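Chains as they are written, first to last, in my numbering: chain R, 17 to 371; chain U, 17 to 371; chain H, 17 to 371; chain W, 17 to 371.
Since the hints were made in silico from the structure, they are not lab data.
Certain hints may be false.
Identical copies carry no separate label here, and so any pair may be met within one copy or between two of them.
[Unchecked claim] Simulated crosslink set (DSBU-like; lysine-lysine; CA at most 35 Å straight-line):
#1 215 to 164
#2 133 to 67
#3 215 to 63
#4 164 to 141
#5 67 to 215
#6 164 to 133
#7 215 to 141
Remember, predicted model here, so these are calculated numbers, not experimental data.
Below, each chain spelled out in residue letters.
4 protein chains.
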Amino acid sequence: MSSQTNGTASPKRVGVVGASGYTGTELLRLIHGHPGLELAAATGDSKAGTKIADLYPSLAAAYGDRQYEAFTPELIDGLDLVFVGLPHGISMSVVPHMRGRVGHIVDLGSDFRLHDKTLYPEWYKAEHTAPELLDEFVYGLPELFRDKISGAELIAATGCNAGASIFALAPLLEAGAIEGDGIIINLITGVSGAGRPPKENTTFCTVDENVTAYALLSHRHTPEIEQALHERTGVEANVLFTPHLAPMNRGIISTCYGRPAQDGLTSDDALQILADFYADEPFMVVDERSPSTKAVTGSNSVHLTARVDERTGHVMVISVLDNLMKGASGMAVQNANLALGLDETMGLSSIGVYP
Amino acid sequence: MSSQTNGTASPKRVGVVGASGYTGTELLRLIHGHPGLELAAATGDSKAGTKIADLYPSLAAAYGDRQYEAFTPELIDGLDLVFVGLPHGISMSVVPHMRGRVGHIVDLGSDFRLHDKTLYPEWYKAEHTAPELLDEFVYGLPELFRDKISGAELIAATGCNAGASIFALAPLLEAGAIEGDGIIINLITGVSGAGRPPKENTTFCTVDENVTAYALLSHRHTPEIEQALHERTGVEANVLFTPHLAPMNRGIISTCYGRPAQDGLTSDDALQILADFYADEPFMVVDERSPSTKAVTGSNSVHLTARVDERTGHVMVISVLDNLMKGASGMAVQNANLALGLDETMGLSSIGVYP
Amino acid sequence: MSSQTNGTASPKRVGVVGASGYTGTELLRLIHGHPGLELAAATGDSKAGTKIADLYPSLAAAYGDRQYEAFTPELIDGLDLVFVGLPHGISMSVVPHMRGRVGHIVDLGSDFRLHDKTLYPEWYKAEHTAPELLDEFVYGLPELFRDKISGAELIAATGCNAGASIFALAPLLEAGAIEGDGIIINLITGVSGAGRPPKENTTFCTVDENVTAYALLSHRHTPEIEQALHERTGVEANVLFTPHLAPMNRGIISTCYGRPAQDGLTSDDALQILADFYADEPFMVVDERSPSTKAVTGSNSVHLTARVDERTGHVMVISVLDNLMKGASGMAVQNANLALGLDETMGLSSIGVYP
Amino acid sequence: MSSQTNGTASPKRVGVVGASGYTGTELLRLIHGHPGLELAAATGDSKAGTKIADLYPSLAAAYGDRQYEAFTPELIDGLDLVFVGLPHGISMSVVPHMRGRVGHIVDLGSDFRLHDKTLYPEWYKAEHTAPELLDEFVYGLPELFRDKISGAELIAATGCNAGASIFALAPLLEAGAIEGDGIIINLITGVSGAGRPPKENTTFCTVDENVTAYALLSHRHTPEIEQALHERTGVEANVLFTPHLAPMNRGIISTCYGRPAQDGLTSDDALQILADFYADEPFMVVDERSPSTKAVTGSNSVHLTARVDERTGHVMVISVLDNLMKGASGMAVQNANLALGLDETMGLSSIGVYP
């Protein structure tokens, strides 16, 4: 039985700006099933006037003939909260104009995740055009920064790869079990993270029956991971992050390797550190089982395990999540719940659609 | 915003007998998110004592350390409703002993779907051992037989392939637009319909990158389709049903061909017949768009289209559904809602997880 | 042990015009392994100057630093044979200028398959610009039209869907076992048939875990099938052809339904008709086994079976082939072998890469 | 044009013991297309009497009605070479009885790969029953140990994961560019490596849309990798090997991380070290491109790249191969060619089937 209750309060009115991408579509699904939210606006400039159901027939039964609208500031005036699902570089030009018009903004993109503006030209190859907002945004990873997120006006939801990796590494770093130097993150992700528009590297015939590594040494989630680990644990972490693309729609598995900072650390110790860190977290599952991405498809859950290899001197932590749920839209709703003072788990399933 | 409301009534106590298969797992997911149901028993004889989360990590965050139990009649005594997800041939030996102990029984198997006991030896190659119950079971396809299902004690939920095909054909037959003779159903299904236990024809390396037809001329859903079409429309339909297995987890597409019974029937006419038949049905979407299985993954929706080929003299109707949802557990919950007097759509999403 | 022998003759010099698509790539693979052919030119206008291995790393070990060239008529002057792998509409403007410069032309596109020029505006929505060539081209389906193909100057290789369907239907039609009216072809194809360029309907996230029907009533291979069946059997066939897209790279399964033209026809009869028709054909396998697409991946083989459903009055024939091999480049090489007087099977494997 | 020539020599007569598994099936494909080999025996005890084409329809056109035979020593008497594709533990009991009866034995299993018999109880959990043969077997990785393999009587072909990883690491270790300590191998493999028999972890519904890590800290290829690296380079390497299972039939990508042993090593240096090591190797492709598993499907090629991350102090080498070809049967044929004095590349394609 669901524990979700609507209570007597009227639902919060929310908007989705950039609703025609995959994260926007997942938000439309989640908002429709959320007892405390009501969709007041769904914009998609390049798709304005298109029926939502024509672009995403999965939404047909729920959204009928509703169309995407072109964004105007007036469209969102007075909304309780706006989710922003715009491409990198666009968000930073739009968000400044939204501020003050709406109660809260949850940005799913990367434009406001890094606090240090010099990281943008280094990793994103362009200057930030609204650097004054960088310090006002809270980094939206609820399990690590819940206090800051609760009631916050401006939230930058964590990137999918970053979230998976931070969930794995933060507990061990915080416990002093691994060193900040020498961390390797070997990650495998499904294809939906690359978004809806067709590209040469996301056609079926390119991706199916294929695994390849990409963005070698240069993936943009690298500084985000280092920043969040430092912000939470105080340790200057230094990570080599290598993502791989696998033939699946959704799912991320982050296999993280660290150098032990303690003598005699065992696999049981590492598992216990994870279990303690995530005790009482409704979406976090720590177990000796090796986690699989499919177990979290469509859910907001994260599964983790850990091992210590005494033979070679490594600590290994593995985490999985659904990149469109806990890695994007699910986490965005969780952030929104915290911002709006709703039950943090409202509208979010912890059970994946399996198989 | 979800329209589901719990109201003030206490939840109905339900059991799942045969909870360790794929349909049982889907039921555990649905019951957990259903505001009106509470899981009182989950049995799986071959898995008794196993943690649910160890067999299905997707359920870990919700079910924690809960284990499958061995079935005993006492376990279900007094429950409001029991879902039965047992293999063909087992159900008919168990259900007679359940009767009277529980309020309602929704059987997801095929043992009680056919009213004519002689069809069992013909299509299932074995005599029925509880033929006296055949007439007491209602055929559980809510959109076609809602009145009989409401409040019913014994419900035999429709087979996945059968449901997809009946949804496509019943409106045209009922409208007198196609003939009962000469119907061809060419269906393509995902692999989960074959169940969890490993078999030679369901290993990844057998199925992936492969499509094959199976059960040529002899699939057991054939008489079920003919019976339901007759029961609903009065027409003696006569169908050649050819299923194909495609490399996907879930999803059925049923492409049905009939011979026009009316002169001058157009594609628009055929679409209108479908639209009229399913007007006001919350899970049924009729559109000119060619439906895709992925649009209904994880949802209880059915998408349909139709065409009339005047050049060659055929009517074509295409339907898609998720075999584990509308084709099994979702439909079972819809039947249960009707049996228990709950809102028919309670706990059932009409939006698929996409992509 | 391979039966291929080079003999003492020097290899034939061939060109591939339009070498950067999937059929061109398959030709480059086949030509490299063909003892009787030598690649003299590989053109790809939009990719001229690009290293073949950069676009298709699968060819890296064999083609090293070789680049695609821009097409010029001079480039192909004096070649023994040219394969043309250009999009519909382009081929008809290029081929007239090739004629006379090369010994033989095998066109893999659709521009010269139909003999009746009025079919182009009807099915392809444009007038043919070189209609005078239509009667000079031989339809390149070796198992049905071998005599015409042997030594021919101009060959239009069969379309992938058309080939699969013609292979299934021609024997039964020729034997008078089915009627020409009322034929239904329900076909399922992999994605590579849609070509390399990214499109909305061929991204991984659109196609994976999805089956959908497309080109309802209007697929362009329809008239080609009807023409070839008539040309071979003399029967005016009339087919409703419905293709479906399945999540796999390669492979076509054509499930064909006909109305029996003879009383008492049995499944054994139908199988025997197929077996007789394809006796002594090295690439054709007729068996009671239900064929699977994966069994022919990477090979030039076709697998077929048949059934007669006496209960409902239908004959069913099922065929499978690899759309890039027997459905395109493999058949093109087979045609080229016949045109050039080489052993018809040279350079073509009958064994698929499995699994 | 193929460079394969048969010459005037009569073909070598070979047997495949354990022909009904995936590696055996790949051997039957390769032997059929090999100008210098003739299949004299194909045994499969559990499948004796079964038509090869019924178990593997992909072989139907080539093998017709041929059946698997039950193994008897007499069956292989006098053969030039026998490929052994038996499960671990069986091979060590059968091979001693083959010796002396045949010219050469190429074992595709793991029973004779490790020279140190104490490693078997440690990693394989059982004593070796024929330890006296361990030193007589040559480790069959041609690009690293060609001289020993040429003409050898007993060859233990490299494991698929081991081969991919050794190819990546040996050049850097041999050049003194990375340290022997602290090596991490993060590998992703397709499903065919798990073999044909159905298992809970290889059903389609378990594997599809899923990635998971397995055999954490304990995979049996670990000591094989360490042994081969030491044997070739003299360095005592020490590796943490973590395999992941991805939803694809074939393919391995091994992403290897080492600690630089030299100051100032650059990505260009690392690439040059690989290029020099594999200069003149027909199956080895070194490039700055990030390699993809699909590019080598069905071929005997290996693609490699490398990077040095000066920021975090790591060297990364990535290699891909097809686990059934270069990782098993292709490499076995390459070994056989060397053993029999044939051209090393005979019967082996360097071009993959793509897409």
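Here is what the structure says about each hint:
When the C-alpha separation of residue 215 and residue 164 is checked against a cutoff of 35 Å, the pair qualifies neither within a copy, at 38 Å, nor between copies, at 43 Å. Proximity of residue 133 to residue 67 under the C-alpha cut-off of 35 Å is found in neither arrangement, the shortest distances being 39 Å within a copy and 39 Å between copies. In the homo-oligomer, the alpha carbons of residue 215 and residue 63 lie at most 35 Å apart both inside one protomer (18 Å) and across protomers (17 Å), since each shortest distance falls under that limit. In this homomeric assembly, residue 164 and residue 141 come within 35 Å of each other (Cα to Cα) only inside a single copy, at 29 Å, whereas the closest approach across copies is 52 Å.
When the C-alpha separation of residue 67 and residue 215 is checked against a cutoff of 35 Å, the pair qualifies both within a copy, at 23 Å, and between copies, at 20 Å. Within a single copy, residue 164 and residue 133 get their C-alpha atoms as close as 21 Å, which meets the 35 Å cut-off; across copies the closest is 58 Å, which misses it. Both within a single protomer and between protomers do residue 215 and residue 141 lie at most 35 Å apart by alpha-carbon distance, with minima of 21 Å and 28 Å respectively.
Checked against the numbered hints given earlier, the structure breaks hints 1, 2 and satisfies all the rest.
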